[in-house]
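Peer 1: Throw the hints in and build the complete structure from the sequences for me.
First residue of the sequence shown: 1, per our numbering; consecutive thereafter.
Derived from the structure by calculation, the hints contain no laboratory data. Accuracy of the hints is not assured; some may be wrong.
Distance condition first, Cα-Cα at most 20 angstroms in a straight line; then the derived DMTMM-like pairs of lysine to aspartate or glutamate [as the list claims (entries may be wrong)]: (1) Lys68 with Asp10; (2) Lys85 with Glu75; (3) Lys68 with Asp13.
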Amino acid sequence: MQFKVPQFLDIEDKIFGPFTFRQFAYLAGGAGMSFTLYKLLGLMLGILPIAIIAGLTLALTFYRPNNKPFINMLEAGFKYFLGKKLYIWQRRKVKKMKQVATQAEMSKIAALSESPMRLGQSRLRDLAWSLDVLDLQKQKTDNK
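Peer 2: Quick look at the structure:
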């Protein structure tokens, strides 16, 4: 027995002419709110709120950022602005203190910078040999 598998589940059906039910509801709600504001405030006082509601209605009806409904963007924005923010790290402003070096500290620093530690050729060979021997011993113990 074969069953029909529904396809195109993410596409809404056009119910009211070229509009889906959701689009029609947004348009009807926006038109109703605009008409109510027009009757309450008149044209001169109500033009700004009517324009805002009309813009929001058109955005909810037709604008699809990233191929998703605009209502998802509004919901995410409200959650972000009303939710708690967790700051993991913030740079602190630390006042730098001036360090006054004593004469003894200055002489130590000068002595260290003038005579850097140098390794002789024989000392380098000894270090290389000890590293090779230790590495070989480690490989032998790892293989066991």
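Peer 1: Take the C-alpha atoms of lysine 85 and glutamate 75, compute the straight-line distance between them, and say whether it is at most 20 angstroms.
Peer 2: 17 angstroms, holds
Peer 1: Would you mind confirming whether the straight-line C-alpha gap from lysine 68 to aspartate 13 stays at or under 20 angstroms?
Peer 2: 17 angstroms, holds
Peer 1: Is lysine 68 within 20 angstroms of aspartate 10, Cα to Cα?
Peer 2: The hint holds at about 11 angstroms.
Taken one by one, the earlier hints all hold for this structure without exception.
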